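Peer 1: Listed in order, the protein sequences are those of chains A and B. Those letters in the first sequence? Residues 1 to 114, by our numbering. Those letters in the second sequence? Residues 1 to 114, by our numbering.
A portion of the hints provided could be inaccurate.
To be verified - Examples of chain B residues lying across from chain A (beta carbon under 10 Å, computed):
hint : residue
1    : Lys38
2    : Pro44
3    : Thr45
4    : Lys68
5    : Gln81
6    : Asp84
7    : Tyr99
To be verified - Listing some non-contacts, in silico: residues in chain B with all C-beta distances to chain A over 10 Å:
hint : residue
8    : Asn7
9    : Val78
10   : Pro79
11   : Glu94
These are calculated hints, taken from the structure and not from any lab test. The structure displayed is predicted, hence computed values, not measured ones. We treat Cβ as the ideally placed atom computed from N, Cα and C, and that holds for glycine.
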Amino acid sequence: KAGVTQTPRYLIKTRGQQVTLSCSPISGHRSVSWYQQTPGQGLQFLFEYFSETQRNKGNFPGRFSGRQFSNSRSEMNVSTLELGDSALYLCASSFGGTYTDTQYFGPGTRLTVL
Amino acid sequence: DQQVKQNSPSLSVQEGRISILNCDYTNSMFDYFLWYKKYPAEGPTFLISISSIKDKNEDGRFTVFLNKSAKHLSLHIVPSQPGDSAVYFCAASEGGTSYGKLTFGQGTILTVHP
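Bound-form chain A, shown alone (with noise of 0.2 Å):
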């Protein structure tokens, strides 16, 4: 079975553009999950969709936003990007039925923003 990948693996950036992720998730799940990881700050949740709703959602700023397609697929999108948002983001997928279903997380997209 196919694990959870992620487009591209790495991007640099300049502030102010905007970048759009994506994720695939393993054949079956139906729920993605986003993380942010840097340094400083560790892996902190940025939101999760089911169904192409999303469910949960983190404390970050409205230039972070998701989608999700009817095929589970899950894109991530960050406008007006500032140096801080340089990181590893990774996504993770479960079934999503249940909150202790596990969550199997993809490589990551490694962005810098220059």
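Following the hints, put chain B in place on chain A, whose structure we already have.
Peer 2: Below, chain B alone, put in the same frame as chain A:
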């Protein structure tokens, strides 16, 4: 406000010995706990989980212990192997409608020496 804390940034053990990784939490609403390990350039990999109604869960060489009164959990790896060298994260979920949201500790770097 760090709700999940891993106070030891690193741990070094000899191959064949026991590795004990610790995690403390402050949020009494957490009722499901997980351990993930992470290799460089990869996403976190699920290891083992435990519900708050249990105090121990085993899976092969990995055992997780939960002390609810002390708000403390630990991961025991016996025997430790060089391939176990990685960053270990504990994570917690509040349950209920906290779909997809895991709160992570800062991680502990485990090094197992041959």
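Peer 1: Go through the numbered hints given earlier and state which of them the structure violates, listing their numbers in rising order.
Peer 2: Per hint list: 4, 5, 6 and 11 violated.
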